[in-house]
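Undergrad: Which chain is which? The protein sequence lines are A and B, in order. Start counting the first sequence at 1; every next residue gets the next number (the working numbering). Start counting the second sequence at 1; every next residue gets the next number (the working numbering).
A few of these clues could be false.
To be verified - Computed from the model, here is a short list of chain B residues facing chain A with C-beta under 10 Å: (1) E24; (2) V52; (3) E62; (4) L90.
Said to hold, decoys possible - Straight-line Cα separation of at most 27 Å, DSSO-like style, residue types lysine-lysine; simulated pairs: (5) B:K14 <-> B:K71; (6) B:K70 <-> B:K9; (7) B:K83 <-> B:K9; (8) B:K100 <-> A:K3; (9) B:K14 <-> B:K57; (10) A:K3 <-> B:K57; (11) B:K83 <-> B:K100; (12) A:K3 <-> A:K69; (13) B:K14 <-> B:K100; (14) B:K14 <-> A:K69; (15) B:K100 <-> B:K9; (16) A:K52 <-> B:K14.
Keep in mind the hints are simulated off the structure, nothing from the lab. Beta carbons: idealized from backbone N, C-alpha and C, even for Gly.
Chain residues, written in single-letter form:
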Amino acid sequence: DAKTTQPPSMDCAEGRAANLPCNHSTISGNEYVYWYRQIHSQGPQYIIHGLKNNETNEMASLIITEDRKSSTLILPHATLRDTAVYYCIVRVVETSGSRLTFGEGTQLTVNP
Amino acid sequence: DGGITQSPKYLFRKEGQNVTLSCEQNLNHDAMYWYRQDPGQGLRLIYYSQIVNDFQKGDIAEGYSVSREKKESFPLTVTSAQKNPTAFYLCASIGRSNEKLFFGSGTQLSVL
Numbered sequence: 001d002a003k004t005t006q007p008p009s010m011d012c013a014e015g016r017a018a019n020l021p022c023n024h025s026t027i028s029g030n031e032y033v034y035w036y037r038q039i040h041s042q043g044p045q046y047i048i049h050g051l052k053n054n055e056t057n058e059m060a061s062l063i064i065t066e067d068r069k070s071s072t073l074i075l076p077h078a079t080l081r082d083t084a085v086y087y088c089i090v091r092v093v094e095t096s097g098s099r100l101t102f103g104e105g106t107q108l109t110v111n112p
Numbered sequence: 001d002g003g004i005t006q007s008p009k010y011l012f013r014k015e016g017q018n019v020t021l022s023c024e025q026n027l028n029h030d031a032m033y034w035y036r037q038d039p040g041q042g043l044r045l046i047y048y049s050q051i052v053n054d055f056q057k058g059d060i061a062e063g064y065s066v067s068r069e070k071k072e073s074f075p076l077t078v079t080s081a082q083k084n085p086t087a088f089y090l091c092a093s094i095g096r097s098n099e100k101l102f103f104g105s106g107t108q109l110s111v112l
């Protein structure tokens, strides 16, 4: 399986950009990178996903390196409500279908 | 509105009892997943299914069983063989193309 590695925790000041890194060095050419976040005891919330090109939506930007071995999720202006656990996931395609394996995630704490 | 519905929200199991967690989706998604989450931990894959009448074991399938008789439904049974069932259980689904993985709101299972 393509595994992901994320720092266990990060802090960010309110109003500043939060940059969350993820390593996925064993990713294959057709595997997408997904980012989700989870606030305590709720279902994870979709943020963004991408294959090769950088992506941006109303929530965040996703920067994927040219070799695709790592990516960075950027929350441009973090707010206190962005405090959550952020998961970087690679969608692994197998003969039996695709599976999504979550790592331990990064606990982002936005401080006032 | 389309989405995933998990029920019940809270469930209690007695020793030696089998319990079934419900997961229904009206998104016309082919693939469905069950994850287990322990306090302060990431999500671990229990079972997943790509099509009706077919499913595969995930990373922690022992003590669990599933069925996929209908595209919309993917119930999870926590059997008496699962000795440590207390956890938060999440169901998810995704379409054929690279779409978002949708999550239900989860079921908290506790042992009496």
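Undergrad: A separate judgement is required for each hint: does it hold in the structure or not?
TA: Going through the hints against the structure:
Of the supplied interface hints, the one on E24 of chain B is violated, with its beta-carbon coming no nearer than about 14 Å to a beta-carbon of chain A, more than 10 Å. Among the interface hints, the one on V52 of chain B is violated; its C-beta lies about 13 Å from the nearest C-beta in chain A, farther than the 10 Å criterion. The interface hint given for E62 of chain B is violated, since its Cβ lies 17 Å from the closest Cβ of chain A, which is over the 10 Å cut-off. Checking L90 of chain B against chain A by beta carbon gives a least distance of about 6 Å; that is within 10 Å, so the hint holds.
The straight-line distance between the Cα atoms of K14 of chain B and K71 of chain B is roughly 30 Å, outside the 27 Å bound, and the hint therefore fails. At most 27 Å may separate the alpha-carbon atoms for a hinted pair to count; K70 of chain B and K9 of chain B meet this at roughly 22 Å. This hinted pair checks out: K83 of chain B and K9 of chain B have alpha carbons roughly 21 Å apart, not beyond 27 Å. Taken as a hint, the K100 of chain B and K3 of chain A pair is honoured in the structure, with Cα atoms around 19 Å apart against an allowance of 27 Å.
About 25 Å separates the Cα atoms of K14 of chain B and K57 of chain B, which keeps this hinted pair within 27 Å; it holds. Annotation: proposed proximity of K3 of chain A to K57 of chain B holds, straight-line Cα distance about 18 Å (limit 27 Å). Restraint check for K83 of chain B and K100 of chain B: not satisfied, since their Cα atoms lie roughly 33 Å apart, outside the 27 Å limit. For the hint pairing K3 of chain A with K69 of chain A, the CA-to-CA distance comes to about 11 Å; that is within 27 Å, so the pair holds.
For the hint pairing K14 of chain B with K100 of chain B, the CA-to-CA distance comes to about 36 Å; that exceeds 27 Å, so the pair is violated. Restraint check for K14 of chain B and K69 of chain A: not satisfied, since their Cα atoms lie roughly 46 Å apart, outside the 27 Å limit. With a C-alpha separation of about 23 Å, the suggested pairing of K100 of chain B with K9 of chain B holds against the 27 Å cut-off. With a CA separation close to 49 Å, the supplied pair K52 of chain A and K14 of chain B exceeds the 27 Å bound.
Hint compliance for this structure: hints 1, 2, 3, 5, 11, 13, 14 and 16 are broken, all remaining hints hold.
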